[in-house]
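Put together the whole structure using the sequences plus the hints.
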Amino acid sequence: MSVEIEHVDKFYGKNQVLKDINMTIKSTGCYAILGPNGAGKTTLFRVLSTLIHPDHGSVKINGYEVFREREKALENVGFLVSVPEPPDFMTVREFIQFSARLKGKEADLDDLNRKLDLPDFKARCGKLSKGQKRRVYLAAILAQDPQIMVLDEPTDGLDPIEIYRVKNVIKSVKKDKIILYSSHILSEIVDMCDYVYIMNKGRIIYHDNITNMQKVFKSRVVRVEFNYPISEEELKETLFGYAINIAVDGNKADIEYDGTNKSRRELMLKLLEKYEVRSFYDNTNSLEEAFVKILGVFGDKV
Amino acid sequence: MTRFNQIYYYNLVFYSRTRRFSIMVPLALAISLINTFLIQFHVVTKPPSVYFFTEANLGYAEILYILIASMFAGDLVSRDFQKEGLFLLTQPISRRKLFFAKFLSALTVSIIAVAVYLFGSFITAYLLYKTIIPSWYQIILISFLAITALLSLVTLFSAVIKSPTMSITLSVFLLLILFPLAQQILQDVNKTPLFLITYAMQIITNLAQPPQDSSQPTIPQSIEVFIAYIIFGLVLSIIIYYKRELTEA
Numbered sequence: 001m002s003v004e005i006e007h008v009d010k011f012y013g014k015n016q017v018l019k020d021i022n023m024t025i026k027s028t029g030c031y032a033i034l035g036p037n038g039a040g041k042t043t044l045f046r047v048l049s050t051l052i053h054p055d056h057g058s059v060k061i062n063g064y065e066v067f068r069e070r071e072k073a074l075e076n077v078g079f080l081v082s083v084p085e086p087p088d089f090m091t092v093r094e095f096i097q098f099s100a101r102l103k104g105k106e107a108d109l110d111d112l113n114r115k116l117d118l119p120d121f122k123a124r125c126g127k128l129s130k131g132q133k134r135r136v137y138l139a140a141i142l143a144q145d146p147q148i149m150v151l152d153e154p155t156d157g158l159d160p161i162e163i164y165r166v167k168n169v170i171k172s173v174k175k176d177k178i179i180l181y182s183s184h185i186l187s188e189i190v191d192m193c194d195y196v197y198i199m200n201k202g203r204i205i206y207h208d209n210i211t212n213m214q215k216v217f218k219s220r221v222v223r224v225e226f227n228y229p230i231s232e233e234e235l236k237e238t239l240f241g242y243a244i245n246i247a248v249d250g251n252k253a254d255i256e257y258d259g260t261n262k263s264r265r266e267l268m269l270k271l272l273e274k275y276e277v278r279s280f281y282d283n284t285n286s287l288e289e290a291f292v293k294i295l296g297v298f299g300d301k302v
Numbered sequence: 001m002t003r004f005n006q007i008y009y010y011n012l013v014f015y016s017r018t019r020r021f022s023i024m025v026p027l028a029l030a031i032s033l034i035n036t037f038l039i040q041f042h043v044v045t046k047p048p049s050v051y052f053f054t055e056a057n058l059g060y061a062e063i064l065y066i067l068i069a070s071m072f073a074g075d076l077v078s079r080d081f082q083k084e085g086l087f088l089l090t091q092p093i094s095r096r097k098l099f100f101a102k103f104l105s106a107l108t109v110s111i112i113a114v115a116v117y118l119f120g121s122f123i124t125a126y127l128l129y130k131t132i133i134p135s136w137y138q139i140i141l142i143s144f145l146a147i148t149a150l151l152s153l154v155t156l157f158s159a160v161i162k163s164p165t166m167s168i169t170l171s172v173f174l175l176l177i178l179f180p181l182a183q184q185i186l187q188d189v190n191k192t193p194l195f196l197i198t199y200a201m202q203i204i205t206n207l208a209q210p211p212q213d214s215s216q217p218t219i220p221q222s223i224e225v226f227i228a229y230i231i232f233g234l235v236l237s238i239i240i241y242y243k244r245e246l247t248e249a
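Those sequence lines, one after another, are chains A and B. Quick note on this note's numbering: the first sequence kicks off at 1 and runs consecutively. Quick note on this note's numbering: the second sequence kicks off at 1 and runs consecutively.
Derived from the structure by calculation, the hints contain no laboratory data. No experiment lies behind these values; they were computed from the predicted model shown. Any given hint might turn out to be false.
Stated by the list, open to error - Heads up, simulated EDC-like pairs for lysine to aspartate or glutamate below, C-alpha to C-alpha not over 20 Å straight-line:
| id | chain 1 | residue 1 | chain 2 | residue 2 |
| --- | --- | --- | --- | --- |
| 1 | A | 14 | B | 245 |
| 2 | B | 83 | A | 156 |
| 3 | B | 83 | A | 94 |
| 4 | A | 19 | B | 245 |
| 5 | B | 83 | A | 153 |
| 6 | B | 83 | A | 88 |
| 7 | A | 130 | B | 84 |
| 8 | B | 243 | A | 69 |
| 9 | B | 191 | B | 224 |
| 10 | B | 83 | A | 85 |
Said to hold, decoys possible - Pulled from the structure, derived: some chain B residues nowhere near chain A, Cβ distances all over 12 Å:
| id | residue |
| --- | --- |
| 11 | 36 |
| 12 | 166 |
| 13 | 182 |
Heads up, the beta-carbon is just placed ideally off N, CA and C, and yes, glycines get one too.
Structure follows, in structure tokens:
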């Protein structure tokens, strides 16, 4: 089970939308593709799914080149790329069964219904709501039981309960599959994915597992809340040699330090020596922050 | 069932549930019955022989076949470059097979509509004259070839134009207005418009004439034109279909 992308370039006219993309995935798990709008995520997924041809480079799935050996390469892949919809003229049952049979499988409709709370199997897909269509489409992909799933913003347009269901399904199948997952909702990525590729301006600018990324780019700012308002000048004097930067607002202060645990501990002790501290916590430690930092660090280099 | 058959069946289901199918097939039957009704209600006099009656009945064939081809193949390729293509084009089946499966399903429903029209025409002829013209089987075979050629040409339009609505509209406009206009102009200057499919389709009414009448185009000429259109339309369409990228849906 593998996805190998080597030196892929793609131009739309003179505009290069993919620049020397390289990606090798050989073990199961959920791999997030993150990036701001226009980063090239959807274009990359469209190349993978053979909807568009790269200008240079090769894309192999399970060892087969996707354009030269298309039928073998796509045999074990399920794609949810862009904003696909099930065909209006088919019923829910017909579409899911059609999808499964294209891969020589039989759909377990009851199981899919349990996982995704599907609409009435006899309903025409054209009559469904956006969220229902998305769940039916996802069910059709799952019915194919592919080894590799390429999911481009699969929760887009879903309500919170639907998102919860979809996330649970993905979590339950990722142990045995390679899942390539793009989303704008970073909390979803943290919740489900094991590895992250960050794209910007057509390039992959960073990749690592999610835990490492959060560690490397973790917050170096602590927010301290005092029992009374304090002076910024006084605090700077107190923490001279311990803090890099200080910003005070009433009884709250954001204190930047060098990020080590030792400095953090010393900083806390120093504050407790002199002030009545109500709370002391890392300002943020989110993937959003890491993402923004990575774009800041690497974004200009591309 | 092979993937080819799955896609073929999928498209048959699509056509059978479209409004165009539920309109075109009854329309084909209604057109085949028009002359009989006009005779029965004494609006027109009954033609002296089954040849004249059948020729008059088949006079609608050209327009009807063009409408059938435009309705069933006008979006054959362009439909795949909308949202629907996001599913079909990412399945493990070559674009060549995908194309032919779709083309064959469009051909199947078109042949059904043509068969209904011809069946209606021959049945009414038999009811009125207790006989049908001896060239009935040639008319059926030539009609099937003509509809295949028309479908190939219309498929090419649908491959060139991205919007399904536009490709259907253009097909109807070109085949119902531009081609007959070009044909008329060429005939006015004494040139035989042999290369025009609409001219070749005149063989259908020619075949309904009594055997002693010989007129242009001949059967071999028409067959050559139809085959040329089939090859030209399908080869170009498949090349475009193979190379086209789905960048917008």
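Is the hinted pair residue 83 of chain B and residue 153 of chain A satisfied, with a Cα-Cα distance of at most 20 Å?
15 Å, holds
Given the hint that residue 19 of chain A pairs with residue 245 of chain B, test it: the Cα-Cα distance must not exceed 20 Å.
Since the Cα atoms of residue 19 of chain A and residue 245 of chain B sit roughly 19 Å apart, the hinted pair holds (cutoff 20 Å).
Does residue 94 of chain A lie within 20 Å of residue 83 of chain B when you go C-alpha to C-alpha?
18 Å, holds
Confirm or reject: residue 182 of chain B is not an interface residue toward chain A, with every Cβ-Cβ distance exceeding 12 Å.
Check passes; 36 Å lies beyond 12 Å.
Compare the distance between the alpha carbons of residue 14 of chain A and residue 245 of chain B with 20 Å, and conclude whether the hinted pair is satisfied.
Distance ~17 Å between residue 14 of chain A and residue 245 of chain B Cα, so the pair holds.
Would you check the hint for residue 83 of chain B and residue 85 of chain A, treating anything up to 20 Å between C-alpha atoms as holding?
Given pair residue 83 of chain B, residue 85 of chain A holds - Cα atoms ~6 Å apart, limit 20 Å.
A cut-off of 12 Å on Cβ-Cβ distance, and residue 36 of chain B was said to be off the interface with chain A. Does that hold?
35 Å, holds
Taking only the CA atoms, is the gap from residue 191 of chain B to residue 224 of chain B under or equal to 20 Å?
18 Å, holds
Between residue 130 of chain A and residue 84 of chain B, is the straight-line Cα distance small enough, at 20 Å or below?
15 Å, holds
Test the statement that residue 166 of chain B is away from the interface with chain A: the closest C-beta pair must be farther apart than 12 Å.
20 Å, holds
Starting from residue 83 of chain B, check that the Cα of residue 88 of chain A is at most 20 Å away, please.
Holds, because 11 Å separates the two Cα atoms, which is no more than 20 Å.
20 Å Cα cutoff - pair residue 83 of chain B, residue 156 of chain A:
16 Å, holds
Consistency with the previously given hints is maintained throughout, with no hint failing.
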